[in-house]
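Peer 1: Below are the chains, spelled out letter by letter.
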Amino acid sequence: MDTNEAVIKIRNLSKSYRDFWGLEKVQALKSLSLDVHKGEIFGLLGPNGSGKTTTMKLLLGLLFPSSGEVTILGESANNVEKNERIGYLPEESYLYKFLNAEETLDFYGRLFNMTKAERHRRIDHYIDLVGLNHARHRQLKEYSKGMTRRIGLAQALINDPDLVLLDEPTTGLDPLGTRDMKDLILKLRDEGKTVVMCSHLLADVQNVCDRIAILYEGELKELGRVEDLLKEQGRTQLMTSRLDEAAITEVRQVLEKHGASVETVDHPTSTLEELFLKTVQESRDRPGRRFVPEDAPADASEEESVEDVGPSDDSPADAAVESQAASNQESPDAD
Amino acid sequence: MSFDYEPFDFLVEAGNWAIRLGSFLLLVVVLACLLSLQKHKTAGPRLVFSWIQRFLRDLMQVSFRRVGAIAQLTFRESVRRKALWVFGIFALLFMFGSWFLDDPNNRVDLQVKNYISFVLTAITWLILPVVILLSCWGLPEDIRNRSLHTVVTKPARKTEIVIGRVVGFGTLMTILVLIMGVAGFFWIDREVAHSLNTFSETLVEGGVEKSVAMVSGDDGVTVTVTVDEAPTVTTAASRSALRQESPEVYELAERARLKALNRFLVAKRPVYGILSFKGADGRPTEKGVNTGDVWEYRTYIEGGNQWRAIWDFENVGDESGSDSWLLESSFEAFRTHKGNDISKSLLLQYSLTRVRRRVFQDATGRMISAAVVRKAGDEAFEAHVDGQTVSVQPVSVSARAVEVRDNRYVLVSDPLVVVDMTEELRVPLSSFNISEFGENVTALKSEIDFYDQESGESKKLKLEDLINDQGELRIEVACLDSGQYLGMARRDLFIKLPSNRFVVGYSKAIFTVWLMLVLVVTLGVTSSCFLKGPIAMLLTFNFLIVGQGFRQFLEKIVGGEVDGGGPLESIIRIVRQINLTDDLPDTLFYNAVATIDEFLNQGLFIVQNIIPDFRNFRVAPYVANGFDVPWSQALAPSIGVTLAYLIPCLIVGYYSLSLRELEHK
Numbered sequence: 001m002d003t004n005e006a007v008i009k010i011r012n013l014s015k016s017y018r019d020f021w022g023l024e025k026v027q028a029l030k031s032l033s034l035d036v037h038k039g040e041i042f043g044l045l046g047p048n049g050s051g052k053t054t055t056m057k058l059l060l061g062l063l064f065p066s067s068g069e070v071t072i073l074g075e076s077a078n079n080v081e082k083n084e085r086i087g088y089l090p091e092e093s094y095l096y097k098f099l100n101a102e103e104t105l106d107f108y109g110r111l112f113n114m115t116k117a118e119r120h121r122r123i124d125h126y127i128d129l130v131g132l133n134h135a136r137h138r139q140l141k142e143y144s145k146g147m148t149r150r151i152g153l154a155q156a157l158i159n160d161p162d163l164v165l166l167d168e169p170t171t172g173l174d175p176l177g178t179r180d181m182k183d184l185i186l187k188l189r190d191e192g193k194t195v196v197m198c199s200h201l202l203a204d205v206q207n208v209c210d211r212i213a214i215l216y217e218g219e220l221k222e223l224g225r226v227e228d229l230l231k232e233q234g235r236t237q238l239m240t241s242r243l244d245e246a247a248i249t250e251v252r253q254v255l256e257k258h259g260a261s262v263e264t265v266d267h268p269t270s271t272l273e274e275l276f277l278k279t280v281q282e283s284r285d286r287p288g289r290r291f292v293p294e295d296a297p298a299d300a301s302e303e304e305s306v307e308d309v310g311p312s313d314d315s316p317a318d319a320a321v322e323s324q325a326a327s328n329q330e331s332p333d334a335d
Numbered sequence: 001m002s003f004d005y006e007p008f009d010f011l012v013e014a015g016n017w018a019i020r021l022g023s024f025l026l027l028v029v030v031l032a033c034l035l036s037l038q039k040h041k042t043a044g045p046r047l048v049f050s051w052i053q054r055f056l057r058d059l060m061q062v063s064f065r066r067v068g069a070i071a072q073l074t075f076r077e078s079v080r081r082k083a084l085w086v087f088g089i090f091a092l093l094f095m096f097g098s099w100f101l102d103d104p105n106n107r108v109d110l111q112v113k114n115y116i117s118f119v120l121t122a123i124t125w126l127i128l129p130v131v132i133l134l135s136c137w138g139l140p141e142d143i144r145n146r147s148l149h150t151v152v153t154k155p156a157r158k159t160e161i162v163i164g165r166v167v168g169f170g171t172l173m174t175i176l177v178l179i180m181g182v183a184g185f186f187w188i189d190r191e192v193a194h195s196l197n198t199f200s201e202t203l204v205e206g207g208v209e210k211s212v213a214m215v216s217g218d219d220g221v222t223v224t225v226t227v228d229e230a231p232t233v234t235t236a237a238s239r240s241a242l243r244q245e246s247p248e249v250y251e252l253a254e255r256a257r258l259k260a261l262n263r264f265l266v267a268k269r270p271v272y273g274i275l276s277f278k279g280a281d282g283r284p285t286e287k288g289v290n291t292g293d294v295w296e297y298r299t300y301i302e303g304g305n306q307w308r309a310i311w312d313f314e315n316v317g318d319e320s321g322s323d324s325w326l327l328e329s330s331f332e333a334f335r336t337h338k339g340n341d342i343s344k345s346l347l348l349q350y351s352l353t354r355v356r357r358r359v360f361q362d363a364t365g366r367m368i369s370a371a372v373v374r375k376a377g378d379e380a381f382e383a384h385v386d387g388q389t390v391s392v393q394p395v396s397v398s399a400r401a402v403e404v405r406d407n408r409y410v411l412v413s414d415p416l417v418v419v420d421m422t423e424e425l426r427v428p429l430s431s432f433n434i435s436e437f438g439e440n441v442t443a444l445k446s447e448i449d450f451y452d453q454e455s456g457e458s459k460k461l462k463l464e465d466l467i468n469d470q471g472e473l474r475i476e477v478a479c480l481d482s483g484q485y486l487g488m489a490r491r492d493l494f495i496k497l498p499s500n501r502f503v504v505g506y507s508k509a510i511f512t513v514w515l516m517l518v519l520v521v522t523l524g525v526t527s528s529c530f531l532k533g534p535i536a537m538l539l540t541f542n543f544l545i546v547g548q549g550f551r552q553f554l555e556k557i558v559g560g561e562v563d564g565g566g567p568l569e570s571i572i573r574i575v576r577q578i579n580l581t582d583d584l585p586d587t588l589f590y591n592a593v594a595t596i597d598e599f600l601n602q603g604l605f606i607v608q609n610i611i612p613d614f615r616n617f618r619v620a621p622y623v624a625n626g627f628d629v630p631w632s633q634a635l636a637p638s639i640g641v642t643l644a645y646l647i648p649c650l651i652v653g654y655y656s657l658s659l660r661e662l663e664h665k
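Chains as they are written, first to last, in this note's numbering: chain B, 1 to 335; chain Y, 1 to 665.
Chain Y extracted, bound-state conformation (with noise of 0.2 Å):
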C-alpha cells in the first residue's frame, strides 16, 4: 500500500542535504582562501584549489584492495584487543534478564514488549562503547606509536586509510550486531513462549471450530477444549507429563499456543490517516476537548452529540482489490460519571464517508474561496471578486493540502482560501464497545451492509464506492455514551494491512540499529582523524547524546520557542532574577543582548544542523509494541542521515590527516 502519512521523500531531503553539504562547503572554501592568502599570498587561493583537485584525484583513485587491506587489519587489531569479550556481557545479561523483566500483572503483551526493548536496547547499548573506543583510539594510537607512519609511507591514500578504517570497525559492528541479533530473536521466542502459561485461542480443523484454553502453574496443567459448547478438560503434572498421558491434546495446546505466540509476536502495518475534530455544533475543529490532561497528545470527543473525530485516508484506491480491511483503534475513556457505568465500556460507532473537496480556479489560475461562489449553470460557477463577476472552475484538492482553521477548511498554502467540503456519502456502521486497554479490531468487508437512516431501508455498498476521486476514504468516530468522553490521538485509528511476520520487524530494527552504529563509527574514526583518543570519544559521544536527548531542546532554542531568550539574555535574566516572561525593557542595552543572541542562534543553527539527528534511529517502540517498523517514516531517515553524514566525514577525515604532521607530536 502506498499511502503513508508525512512520507520521507528520499529524492527531496537528498536535494536538501546536497544543498546544505554545497553552502558548508563553500564556507569553508571561502574561509581556507582568506586564511591561505594571509598566510602564503597570492599562492595561498592556489593551494586550496590544489588540495580539492588532490582529493578530488584520491577519491577517484581509491584503491579497493588497499582499503580492504587496512579493513582487515582494523579488524583483527580489534578482536585482538579482545573487543569481542563484549559477546561475554551480552550473554551473562541474557542468561540472568529474564529475572528482572517479569511483569507484575503477568500481562504477556506488557511481558513482551519488556523483552523486545530489553534485547535491542542491550544490543545497541553494549555494542556502542565498544565501536566508541574503538574507532576513537584507533588512529590517534597508530600516530601516537607511529605504527602509522608505515602505512603513509606506503602507497595508501589517506582517503583509502580513513575509508579503511570505517570498514574495518563496521565489518567488526556488523558481526557482533549479527550474532547478539540472532541471539536475541531466539531469546525473545523462547522467553515469550515460556511466558505463555495461561491463554486460549480458537482452532479451525476439518471445519470443526475448537476452543482451546490452557492454564498451567506450579501446581499443574489444565487444557480445556471446547466444541460446540462441550468442554473437556484435561489435567496433568506438567507438560511433559500430558505429552505423556494425553499427547492429541497436548499437540492441540501446542498449535494453540503457537498461534497465541504469534499474535503476541507480530509486525503490524499499519496505515494512518489526517485527524481532525467536528465540534458539538458541527462545524470542524482543529482539536478536541482538552479533559484537563497537560499532555496534549489526545484530545476528546463528548459523547451523545455532534462531536466527531474524523480520519482521512489518502491513496486507498490501491487497495480496493482486498477482501476486507481490519480498522484497528485503541481509545482512552474519560468518564464524567461513573456510579455503575465504571464497569460498563463505552459505545462507539464508526461512519465511513465519501467527501468531496474543491477550490475554484478563475481564468487567470487564481485561487478563489469557495465561500465567494455560487452555481452558474449545471456545471458553471461564478464568483463576485474585487467587485466583478469572474466565472470560475472547481479543482479537487487532497485532505492533506486542507486545515481546519477558525471553523472551516481553508487551503494549507492559503487559509484565506476556504474549500469547499461536501459529504456525498455516508455510511454509519455497527455500534460497538470499545475495550478500553486493548485493541479494537473491526473488519471492513468489500460489500458493506448498512441501514440507510433516510429511506428506512437495508442497503448493500461496495466499500469502493466510498472512496473518492481522490482516492481518500473518511471514517469518523462519534462516542455514542451521552455525557462521557473518548480520547483521540492519529495513531489511535489505523488501516491494518496484513501483517508481517515478527522476524521481518525484529531484522528492520536490527538493521536500524547497524545504521546507528555505522554512523557512531564514521563520527569515530573522523574526530580521531583531528583529536587524541579521549577527546575523539568525548566529542564522539557528545553528538550522540546531544543527537538524540537534546536535539529537540536545541530545535525549540533555535525556533526561538523557549522562554527566556537567547543564551546571552537567559544569563542576564538569572542574574538579575528577571522572569522568564517578562517583557525586557525596550533600551539600547537589552536590544544589543537580543542582536548578539541573534548571531548566536545562528552559531546553535549550525551546530543544529552538524549534529546528526539520532532519534531517527528510535525504532525499538515500533517492534516492541508490534508494529513492522515503517519504510518511510522510519527506515528511510535513518538510510538518509547514515548516508548524509558519510561524505562529510570522509571530506573532514581526508583534510585532518592531509594537514596535520603525523610525527609532529
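For reference, chain B alone in the conformation it holds in the complex (with noise of 0.2 Å):
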C-alpha cells in the first residue's frame, strides 16, 4: 500500500512562540524536513513538549510557521479546500459540549460537500463503529473520557477522508478501546487512507506505525521504519516450542561451536494488553467466570452458578500469538 507519493512534505519547517513585545519566548519546532508517503501509518513519537503537536498543528494551520513550507495534499497549510480529504481528531475531543453525539456528527458533516441521506447514513455508521448507538442521544457533557474520545474519533472520520491526523489517538481510552483504536487505523491503512498519529505511548505507535519520527526539544532525531529501527542488527532470536533441559545444553554447545554466546535462555512472555484482552474476550463467552484466590473462603450463595478459575500453570503466552509475542517482549507500557 506505501508508495513514494508524498501526502505531506515538510522543508525546513521552523516554529518559534514570542511574547507580547515579539521576543522568541521558546523555539517549538526547528528546522523540521520530512515526507510523509501515501497509505502509510507515520507516527510522530517524542516526550512532552518535543514539537510533536506543533507540527500536527502546522499541518492544519492553526499555527502559521515561522520559517519553512508545508505541503498537504498538494496544497498550503492555509488552504481551506485541503479539508475536505482531512480528518483531523484533536489530543482532546475538543467538541460542543451541548450537543449529543447525532447533533455532533450532523454538524461536522453538513460542513462537507455531502447530500443530507449520505450524511445521515455515515452517522448512523459511525456512531455504531466507535460504540456509541447506546448514548447517541446523550450530550457530550455526560460522556466518559473514553466515549468523548470515541465520537471525536467518529467526528474525524464522517467524511471519509484521505488523511487522517491522530493527536494522541488512544489517550484516556480503556485497552479494549485502545485495541478498537489501534484495530480501526490499520483497517485505514487497508482502505488506502495515510494516518499521521502522535504519541507518547509507544506501545501503540509500535503496533500500528510503518515509519517513525522522533523528535526531541523540537528536532528531528530519528526517521524510518519501525522494524528498521527496532531491528538489532548484531544480535539473533531463535524462538521454539518448549525444551527441556537437555535439549537446551545440547543447543548451547551448538550455538558456542559456532562462536555464539547464548545470553538468556525463557520463556517468552505476551503483554499485559494481550493478557487483558484474552480474559475480557473469556468473560464475554462465559458469564459467570471469576478469580478465586486460593485461600479465599467459598460463598454458598453463588457455589453452584459461579465457575471458579484458580491460579493456573497455563501461561498466557499459550493463547498468544507467538510472533507478536516475541516482538513485544520489550514493550515497557503496554496498556
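Since the hints were made in silico from the structure, they are not lab data.
There's no promise every hint is true.
[Claimed, not checked] Capping the alpha-carbon separation at 27 Å, the derived lysine-lysine pairs in BS3-like fashion look like this:
{"#": "1", "chain 1": "B", "residue 1": "K38", "chain 2": "B", "residue 2": "K221"}
{"#": "2", "chain 1": "Y", "residue 1": "K82", "chain 2": "B", "residue 2": "K30"}
{"#": "3", "chain 1": "B", "residue 1": "K9", "chain 2": "Y", "residue 2": "K41"}
{"#": "4", "chain 1": "B", "residue 1": "K221", "chain 2": "B", "residue 2": "K9"}
{"#": "5", "chain 1": "B", "residue 1": "K221", "chain 2": "B", "residue 2": "K25"}
{"#": "6", "chain 1": "Y", "residue 1": "K278", "chain 2": "Y", "residue 2": "K210"}
{"#": "7", "chain 1": "Y", "residue 1": "K82", "chain 2": "B", "residue 2": "K141"}
{"#": "8", "chain 1": "Y", "residue 1": "K39", "chain 2": "B", "residue 2": "K25"}
{"#": "9", "chain 1": "B", "residue 1": "K141", "chain 2": "Y", "residue 2": "K39"}
{"#": "10", "chain 1": "B", "residue 1": "K38", "chain 2": "B", "residue 2": "K187"}
{"#": "11", "chain 1": "Y", "residue 1": "K532", "chain 2": "B", "residue 2": "K97"}
{"#": "12", "chain 1": "B", "residue 1": "K97", "chain 2": "Y", "residue 2": "K460"}
{"#": "13", "chain 1": "B", "residue 1": "K9", "chain 2": "Y", "residue 2": "K39"}
{"#": "14", "chain 1": "Y", "residue 1": "K496", "chain 2": "Y", "residue 2": "K113"}
{"#": "15", "chain 1": "Y", "residue 1": "K39", "chain 2": "B", "residue 2": "K30"}
{"#": "16", "chain 1": "B", "residue 1": "K145", "chain 2": "B", "residue 2": "K187"}
{"#": "17", "chain 1": "B", "residue 1": "K25", "chain 2": "Y", "residue 2": "K532"}
{"#": "18", "chain 1": "Y", "residue 1": "K445", "chain 2": "Y", "residue 2": "K496"}
Dock chain to chain to rebuild the complex, using the hints, since each chain is given by itself in its own frame.
Peer 2: Structure (C-alpha cells):
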C-alpha cells in the first residue's frame, strides 16, 4: 500500500513562540523536514514538549510557521479546500459539549459537501463503529473521557478522509478501546488512507506504525521504518516450542561451537494488553466465570452458579500469537 | 404621499457610504503594504494582495449549507445556555409593570404613551444584554475551549464562521423580538382598554347620531346615551352586571370604547412643511420671538399684528384627488396678560396662500437677483448687471431652495441672489380657539368657502387652485389675540394623512429594534474575532453607548462647536484655570497646541465615522406619541446604518480570524 507519493511535505519547518513584545519565548520546532507517503501510518514520537503537536497544528493551519514550508495533499496548509480530504482528531476531543452524538456528527457532516441522506447514513455508521449507539442522544457533557474520544474519532472520519491526523488517539481509552482504535487505524490503512498519529505511548506506535519520526526538543532525531529502526543487527533470536533442559544444553553447545554466546534462555512473555484482552474475551464467552484465590472463603450463595478459576500454571503466552509476543517482549508500557 | 421633509435618499447615502468604505479600505491596504514591506521585504505587498484575493474568493464561495450549520450550532448553543430565560424576566415585568405605570392625572393619552414606551424599552433592554453577552463570548469561548479547531480543520471558511455566528445569534434574537413584540402588543391593547374607564364617543347608527359616555369606577358603571339631546342614563354595579342587565347598552358602550381605543392606539401619518416666519413689519424673518425660554425649540409669534408662522408643504399636488385633508396642530401659548384671559384659549387663524417663487437667469445661465430685475414687457425682464443691461428669464424655485436671510428670501445655494416671492392668492379660513394641551384638527375640504375681503363677497375655491406650479401649498398661521404669543416649531403643524392602524406603527418600531439588535450582534461577533470575551463586550457596549448618547457631543467636538478647544487645549485650560470663553495668547506654544488639537480632531473624525449612529434606531417616541414610523426619517436610515456596517464588519471579522493563530493563546 505504501507508495512514494508524498501526501505531506515538510521542508525546514520552524516555529517559535513569541511573547507580547515579539521576543522569542521558545522555539518549539527547529528546521523539520520530512515526507509522509500515501497509504502509510506515520508516527510522530517524542516526549512532552518535543514539538509533535505543534507539527500537527502547523499542518492544519492552526499555527503559522515562523519559517519553512508545508504542503499537505499538494496544497498549502492555509488552503481550506484541502480540509475536504482531511480528518483530524485533536489531542483532547474539543467538541461542543451541549450537542449529543448525533447532533455532533450532523453538524460536522454539514460542513462537508454531502447529501442529507449520505450524511445520515454516515452518522449511523460511525456511531455504530465507535460503539456509541446506546448514548447517541446524550449530550457530550455527560460522556466519559473514552466516549468523548470515540465521538471525536467519528467526527474525524465523517467525511471519509484520505488523510487522517490523530493527536494522541489512544489517550483516555481503556485497553479494549485502545485495541479497537489500533484496529481501526490499521483498517484505515488497508482502505488506502494515510494516517499520521502522534503519541508518546510507544507500544501504540510500534504496533501500528509503518514509519516513525522521533522528535526531541523540536528537532528530528530519528526517521525510518519501525522494523528497521528496532531491529538489532548484531544479535539473533530463536523461538522454539518448549524444550527440556537437555535439549537446551545441547543447543548451547551447538551455538558455542559456532562462536555465539547464549545470553538468556527463558519462556517468552505476552503483553499485559494481550492478557487483558484475553481475559475480557473469556469473560464475555463464559459469563459467571471469575477468579477465586486459593485461600478465599467459599461463597455459599454463588456456589453453584460460579465457575471458579484458580491460579493456573498455563502461561498466557500459550494463547498469544507467538510471533507478536516475541516482538512485544521489550514493550515497556503496554496497556 | 411623496412629500416628506428631509427625505433619506438611499442611493445618495449608499454612494457616500461606498466612498467612505473605499477610502477606509484604501488606507488599510496602504498601511498593510507598508507593514508587510517592513516584515517580508519585497514579497510583502504580494502577500497583502493574495490575502485580498483569498477574501474575495472566500466570499464568492460562501456555502449556505455551512453557514446554516454554524448558525444552527450557534442557536442551539445559545438556547442550551439558557438564553431564553430572559422570557421569565419579561413575563415578570409584564405581570407587575402596570402597577408602576399609572399616570397620576389619569390621562389616557399619557397612560398609552407610558405603556408603549415601557414595552419598547423593555424589549430593547432585555434582549440587548443577552445578545451582547452571547455574541461577544461565543467565538472567544470556542477558541479557548479549542472547539473551533474542529471547525476550522473542516472546509469551513472564516467568512462562513463569521456569517454563521451572526445569523445564529440573529435568529435567536429574532425569535425573542418576535415573541416579546407580539406579547407586548396584546399587553398594550389590554392595558389601554383597561385604562379606558371614562370616555365619551359619538357613534352613528342607521343615520342616527348617538353620543355615548361611560364612567366606571369602584362604585359602579354609568352609561349615558344621548340621542337628539335626550340623555338616557343606565347604571349597574359593574360592567359584567351591565352586560346581563342591559345587553344593548353594554354593546353600544363597548363599540364606543373600541372607537375610543382606536383614537388612542393609532399611527398618525403626518406630512411636515418647511417653517419660516414673518415679523411685525410683514418682512420675512428666520425665527420668531424668544419669550425667554433657553430651549429654542419653539419661537413665538405675537398676536394681533403682522407676525405669521409660515409652513410651505411640498409636492402636495399628488393628493389633490382627496376629498379633504386634515390639518393638525399643537401650539404653546405664552401670555403677557392673564387675569380673566387665563381660562380663555387663544384665537388662531389659518390662511392658505399660493405663492410664486422665482429667480432670474441671463443668457449664460448666471443667477440674477430679483432685486435688480425689472419688467421689460409682458413676458420680458431685464436687469442691470456689471454696468450693462441684460435680458433675463424667470426660473421657478422650490421652497426647499429658499431661505430667509436679512429679512429677504434668498437662494440657499447663493444667499446673494434674492428670490422674488409673490403671493398670487390668499384664502383666510375661519378663526378658532385652540386647545393648548391637545390636538387641534381642522378639515380642509377640496372645495373651500371663504370670505373675500377685497370684493366683500363669499366665494368658493378648489383646494388644488391654491397649489402652485411647484406642487407647493403655503399655510400661514396668525394669532388674533393682541399681546399674547403662540409658540411654533416645525412639527407643530402638519397635514394629517389617513392614519394607519396602531399595529403598523408598532410593527415598524419592533422592526427597528430588530435592526438595531442585528447591528449589535454583528459588532459583537466582529469584535469577538480579535478580542477576548470581556473586552469584546466592553467594546460593543461602548459602541452602543457612544453611538447613542455621545454621538452629538462627538459631532460638536469634531465640528469645533464646543467651547474650550480640542483635547489638549481643554487640558491646558483646566490646569491653568483659563475660562472657556477667554482667547488663548497668540504664542508659538498655543499655536502648536492648536495644531496638535487639529490633528487629534482628525482622529476623532475617524472615530465618529467608525461608530454607528444608533440615534437612527430611536423610534419609540414616534409610536408612543401616536405617530407612524416614517420611512424617510426613521426606517430608511435604520436600514441604511445596519446594512452599511455588515460588509466592513465581515471584512474585519474575516481578517481577524485569518491573521490570528487560533491555537496561540
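Peer 1: Hint by hint, say whether it matches the structure.
Peer 2: We went through each hint and held it up to the structure:
Distance hint between K38(B) and K221(B) is fulfilled; the C-alpha atoms sit about 22 Å from each other, no more than 27 Å. With a CA separation close to 47 Å, the supplied pair K82(Y) and K30(B) exceeds the 27 Å bound. Simply put, K9(B) and K41(Y) have alpha-carbon atoms about 26 Å apart, close enough for the 27 Å limit, and the pair holds. Between K221(B) and K9(B) the CA atoms are separated by roughly 18 Å; this keeps the pair inside 27 Å, and the hint holds.
Among the hinted pairs, K221(B) with K25(B) is consistent with the structure: their alpha-carbon atoms are about 23 Å apart, no more than 27 Å. At roughly 44 Å between alpha-carbon atoms, K278(Y) and K210(Y) are farther apart than 27 Å, so this suggested pair is violated. Among the hinted pairs, K82(Y) with K141(B) is consistent with the structure: their alpha-carbon atoms are about 16 Å apart, no more than 27 Å. For the proposed pair K39(Y) and K25(B), the alpha carbon gap of about 19 Å is at most 27 Å, so the pair holds.
Between K141(B) and K39(Y) the CA atoms are separated by roughly 44 Å; this puts the pair beyond 27 Å, and the hint is violated. Taken as a hint, the K38(B) and K187(B) pair is honoured in the structure, with Cα atoms around 15 Å apart against an allowance of 27 Å. Taken as a hint, the K532(Y) and K97(B) pair is honoured in the structure, with Cα atoms around 21 Å apart against an allowance of 27 Å. Between K97(B) and K460(Y) the CA atoms are separated by roughly 80 Å; this puts the pair beyond 27 Å, and the hint is violated.
With a C-alpha separation of about 26 Å, the suggested pairing of K9(B) with K39(Y) holds against the 27 Å cut-off. Only pairs whose Cα atoms come within 27 Å are accepted, and K496(Y) paired with K113(Y) is accepted, the gap being roughly 20 Å. Restraint check for K39(Y) and K30(B): the C-alpha separation of about 21 Å stays at or below 27 Å, so the hint holds. Restraint check for K145(B) and K187(B): satisfied, since their Cα atoms lie roughly 23 Å apart, inside the 27 Å limit.
Using a Cα cut-off of 27 Å, the hinted pair K25(B) and K532(Y) holds, with the two alpha carbons roughly 22 Å apart. For the suggested pair K445(Y) and K496(Y), the alpha carbons sit about 13 Å apart, so the restraint of at most 27 Å is met.
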